[in-house]
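Trainee: One letter stands for each residue in the lines below.
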Amino acid sequence: IVMTQSPDSLAVSLGERATINCRSSQSLLDRSNSKNYLAWYQQKPGQPPKLLVYWASTREFGVPDRFSGSGSGTDFTLTISSLQAEDVAVYYCQQYYRTIVTFGPGTKVDIK
Amino acid sequence: QVQLVESGGGVVQPGKSLTLSCSASGFAFKSHGMHWVRQAPGKGLEWVAGIWFDGSNTYYADSVKGRFTISRDNSMNTLFLQVDSLRGEDTARYYCARDRATDTGDYYFDSWGQGTQVIVSS
Numbered sequence: 001i002v003m004t005q006s007p008d009s010l011a012v013s014l015g016e017r018a019t020i021n022c023r024s025s026q027s028l029l030d031r032s033n034s035k036n037y038l039a040w041y042q043q044k045p046g047q048p049p050k051l052l053v054y055w056a057s058t059r060e061f062g063v064p065d066r067f068s069g070s071g072s073g074t075d076f077t078l079t080i081s082s083l084q085a086e087d088v089a090v091y092y093c094q095q096y097y098r099t100i101v102t103f104g105p106g107t108k109v110d111i112k
Numbered sequence: 113q114v115q116l117v118e119s120g121g122g123v124v125q126p127g128k129s130l131t132l133s134c135s136a137s138g139f140a141f142k143s144h145g146m147h148w149v150r151q152a153p154g155k156g157l158e159w160v161a162g163i164w165f166d167g168s169n170t171y172y173a174d175s176v177k178g179r180f181t182i183s184r185d186n187s188m189n190t191l192f193l194q195v196d197s198l199r200g201e202d203t204a205r206y207y208c209a210r211d212r213a214t215d216t217g218d219y220y221f222d223s224w225g226q227g228t229q230v231i232v233s234s
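Quick mapping for you: the protein sequence lines, in order, are chains A and B. Using our numbering, the letters of the first sequence correspond one by one to residues 1 to 112. Using our numbering, the letters of the second sequence correspond one by one to residues 113 to 234.
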């Protein structure tokens with residue numbers, strides 16, 4: 001399954017909304033359990049990735065509620081509702097519908 | 113708290129082998145699937161291999177299948193990655209990552225180590 005993300009990078013003013021899109025080459029929705037097998041990660045420079053969202057919209061413990069995931073099937077979105085300075089990072093989506101998991105190429109988020 | 117510490121990286125010549133280790137603590141290692149994910153310099157994330165909680169099943173990316181072997185020792189809380197026939201494109205930081213779900217896992221990762229650097233160069 002091939003994952004794509006858009007845009008490659010974006011710059012947003014502090015306090016403004018940032019929206020990152022992720023598309024999969026096939027549906028990530030398992031109709032038997034109504035779950036979308038899609039996760040989002042944040043990676044800051046020099047650090048390992050951090051899990052933000054799984055099952056497309058479930059926020060990981062301790063992740064600020066300004067981060068939200070949405071979407072279903074093949075189209076997904078990560079939204080940062082009010083960008084903070086500490087949110088500068090690269091964001092990756094990842095599908096786990098197949099045991100051979102794949103990541104998107106990443107979206108770099110900066111402050112405008 | 114969960115801690116994953118990788119080791120074993122270094123500079124190695126093409127065609128040679130290396131064994132990476134990941135020492136786990138702070139959780140029930142024997143209950144979680146574990147994975148290796150790599151990141152080439154300045155590039156994105158690439159999942160490399162995964163192993164079930166009991167070691168009974170393993171999975172590999174096509175790019176490493178037949179050259180890399182993932183294994184685990186639950187008595188020592190340690191994950192391994194045997195990397196053989198190394199190529200220049202294997203140069204990357206190799207991260208050990210824990211599957212958030214227990215048993216066979218769901219293949220998304222809630223804890224990561226700091227990684228170990230592998231450089232393949234003559």
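Heads up, a few of these hints could be off.
[What the hints assert, rightly or not] Mimicking EDC-like on lysine to aspartate or glutamate, the simulated pairs with C-alpha atoms at most 20 angstroms apart in a straight line are: (1) A:Lys50 to B:Asp196; (2) A:Lys112 to A:Glu16; (3) A:Lys50 to B:Asp218; (4) A:Lys108 to A:Asp30.
Read the hints as simulated data drawn from the structure, not as lab findings.
Trainee: Run every hint past the structure and note whether it holds.
Mentor: Hints, one by one, checked against the model:
no., hint, in the structure
1, A:Lys50 to B:Asp196, "violated (29 angstroms)"
2, A:Lys112 to A:Glu16, "holds (10 angstroms)"
3, A:Lys50 to B:Asp218, "holds (16 angstroms)"
4, A:Lys108 to A:Asp30, "violated (29 angstroms)"
Checked against the numbered hints given earlier, this structure breaks hints 1, 4; the rest are met.
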